[in-house]
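For this one, chain A is given, so just place chain B on it according to the hints.
In order, the protein sequence lines correspond to chains A and B. Position 260 of the first sequence, counted from 1, bears residue number 289 in the numbering used here, the numbering being contiguous throughout. Position 376 of the second sequence, counted from 1, bears residue number 405 in the numbering used here, the numbering being contiguous throughout.
What the hints contain is simulated information worked out from the structure, not anything from laboratory work. These figures come from a predicted structure and were not determined experimentally. Where hints are given, some of them may not hold.
Put simply, identical chains are the same to the list, so a pair is met inside one copy or across any two.
Stated by the list, open to error - For lysine to any residue, the following SDA-like pairs were computed, each having C-alpha atoms within a straight-line distance of at most 25 Å:
id, residue 1, residue 2
1, Lys445, Val407
2, Lys351, Leu147
3, Lys150, Gln112
4, Lys432, Cys254
5, Lys124, Val245
6, Lys263, His426
7, Lys263, Ser204
2 protein chains.
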Amino acid sequence: MTDSVGVSLLGAGNVGAAVLSALIKDTERNNQLVGTKLELRYVLVRDIKKHDKKFKDVNFTKNFNDVLNDEHTSIIVELMGGQVPAKEYIASLLKKGKHVVTANKDVMAQSGSELTDLAVKHGASIRYEASVGGGIPIIGPLSRDLLANEIFSISGIINGTTNYMLSLMFQEKMSYQNALLKAQQSGYAEPDPYNDVQGIDAAYKLAILCGLAFHVDVDPGSIFCQGISSIELKDLNYADELGYVIKLLARAELIDNKITCIVCPTLISKQEPLSKVDGVLNAIQLQGNLVGQVIFEGPGAGASATSSAILGDVIDAAKNIKYSFSNLNNAQLNKIEVSNSENFISRYYLRLNVVDESGVLAAISGIMSEHQISIASVIQTEADQESQTAQLVLITHEANRGKIDSAINSIKKEKKVDSVVNLLPIID
Amino acid sequence: MTDSVGVSLLGAGNVGAAVLSALIKDTERNNQLVGTKLELRYVLVRDIKKHDKKFKDVNFTKNFNDVLNDEHTSIIVELMGGQVPAKEYIASLLKKGKHVVTANKDVMAQSGSELTDLAVKHGASIRYEASVGGGIPIIGPLSRDLLANEIFSISGIINGTTNYMLSLMFQEKMSYQNALLKAQQSGYAEPDPYNDVQGIDAAYKLAILCGLAFHVDVDPGSIFCQGISSIELKDLNYADELGYVIKLLARAELIDNKITCIVCPTLISKQEPLSKVDGVLNAIQLQGNLVGQVIFEGPGAGASATSSAILGDVIDAAKNIKYSFSNLNNAQLNKIEVSNSENFISRYYLRLNVVDESGVLAAISGIMSEHQISIASVIQTEADQESQTAQLVLITHEANRGKIDSAINSIKKEKKVDSVVNLLPIID
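Here chain A stands alone, though its shape is the one from the complex (with noise of 0.2 Å):
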């Protein structure tokens, strides 16, 4: 073995570019963060010419033999998507014992653990964070941190296109054939939208999901399936009267040993959690008998939130390469200097017991002048007949933490101010 690690891509189009442009941008980090030279080897495409002169320096082939017979690629990066030939790339790359990261749902739902088998046999590897809910890290967690884990179920929002019509139909009061077309037009549903609005591409990625919950091979083509096209803006008004959001949740339950497994639009009360998942994010509920219920939610699609799942496969197989024992934290990158709170900028809660006099007000607002804080609001409450004190509540514009304990410093020498209770920062 070389010092470095080779690394080759299957494809280059919105994912594939990402992904490249990230290893060609972020080498010295990601050296780093590996621990020895990431090495940009080849990257297979169909036309040549199409990606030359965008990416220069890369070498760029028609041959997949030119990646299979590439001695110093070690890790594969498959992005062609689709069964043909993909699968068969990822299984003769497989047996030279090359680790592979993919992010084809298509491949890995029905072939996951033959193509698994076929890795630990000739000891290699495949990795697929990318194949579901995009950047969101499920396939990791599923299959390392929640192992010891019996998952009873799983519910998903897993697939955006749907997700982002739904939402606009709602919101904007849009029929579903005006929906389709603005997701066109923002480029978040394919020129073909059926896999994605009949509830294929959800039920591929909930087969991937099964296997690693329940450890069980599911054909997703077994999976109960209704897309959204039935559903009419009159639904999502309906649902809302009752109390109800509509989405197209993917969802699997192990019941007496058995589990059941569907997509479809589903009306989910207001008080769930999934409920308020909207556009194209996608969120991942899951039941497990020791960690209770857990939930992910992030970007489910997109190529820079698509590269940030693929990039981290990479680097840890990587990793694996270089070290035979994974640990977690041994990159120091640049120096990083953990800076004071004063610098801290925010809007402020500030609760302060005054003399119930007047100019309180006036005084106070004076100090906050001074330092140069502006006002944004004001509560002050009747005083309280005992203590002769009211309660002023101020929120401030925009300050640093700096300016803030000075003008508190100020306030606390004044003396309509009986005491200064709370300071606390505020997020919007």
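Relative to the frame of chain A, chain B by itself:
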């Protein structure tokens, strides 16, 4: 190396007992997951008599050297807590090339990178998923799945005790003192609550997260830290009036290559997802340059949830000993059947286009009743003048899908029904 992997425990308190029970009870499952036998070796305790009645056939010892010198122990779970003697014990074990799993936030916050370096140097490893967020996978995702990201910010509700107390104060209109008392009675607060209510526990956890997110050592003692003991019910009510919720928030932000770390009660807008995290739940929100914003939510404390994280680490360490390359899904456990969706039990939403005649509802409810499906509520709209049809929306009580499907078949034959538009399950 023998074919089994030996595991010893340091400590058998609440969490320790949960880990021990799971190791004993789930032996076969764990062995299948690891691919070899997980063998329980020694359990270090202060008082053997306190434990050996509850756990028979377990090798309890009061002597750390029994663990340190046991050549059959490969993985050691440290659950003693506190700095002394835990840190020295961990260091001695790592020097011997042993793999350590710990829940010790105190040690990891103050000596995390020192111990990790020691592990790397001796071909050992240290895992600490349980040190932050209880059962929520966060250490793993940050250090593997999200590793390619430059993280900009961390915001977390990472202390269950204070979150429980603040939720209780607001919901039950309770004073701080009464909420603390109730938390202590329910086991959610320690008899000495200082570290929790003063934010010190959260500062330790934030320091650990910063180490992973920013690849930098943050001294937990240097973190600006304000507890919740000054928060009165008044503050929660004023915040509510202004559209906010008060949470003890731990935050770190990277600005101009400096990080600011702060733990303090914070007003969070009710629009923000973190504002909805109540009771003993924890949640951590991260912003990365590639992934955008991701959120992890779940139970942040409790013996069972914490044991989920610890056992996940133990199994991962054992797999790492057994296989040179980690593969995600190479265990086929007991056969689970994939069930037919006919058995799927749910409440249902049913929307029909019906002819505008009297007796429609009677006809439909008659059919539902014949199929033993009871109706929970009904919406019927005025007829559309042009088409002479009306909308009928039924919400059913729980029924299985098979029965619903046969009811729908009968409904379709009913001449007063123009069409069955949508049938959707409901989650409450």
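Okay, the hints, checked on the actual structure:
Taking the closest pair of Cα atoms, Lys445 and Val407 come within 25 Å of each other only inside a single copy of the chain (17 Å); across copies the shortest separation is 61 Å, beyond that limit. Both within a single protomer and between protomers do Lys351 and Leu147 lie at most 25 Å apart by alpha-carbon distance, with minima of 22 Å and 17 Å respectively. For the homomeric pair Lys150 and Gln112, the shortest alpha-carbon distance inside one copy (22 Å) is at most 25 Å, but the shortest distance between copies (43 Å) is not. In this assembly of identical chains, Lys432 and Cys254 lie within 25 Å of each other by CA distance solely across copies; the values are 18 Å between and 58 Å within a copy.
For a Cα distance limit of 25 Å, the shortest separation of Lys124 from Val245 inside one copy, 23 Å, qualifies, whereas the shortest one across copies, 40 Å, does not. Taking CA atoms no more than 25 Å apart as the test, Lys263 paired with His426 passes between copies only; the shortest distance there is 22 Å, against 42 Å inside one copy. Taking the closest pair of Cα atoms, Lys263 and Ser204 come within 25 Å of each other only inside a single copy of the chain (9 Å); across copies the shortest separation is 46 Å, beyond that limit.
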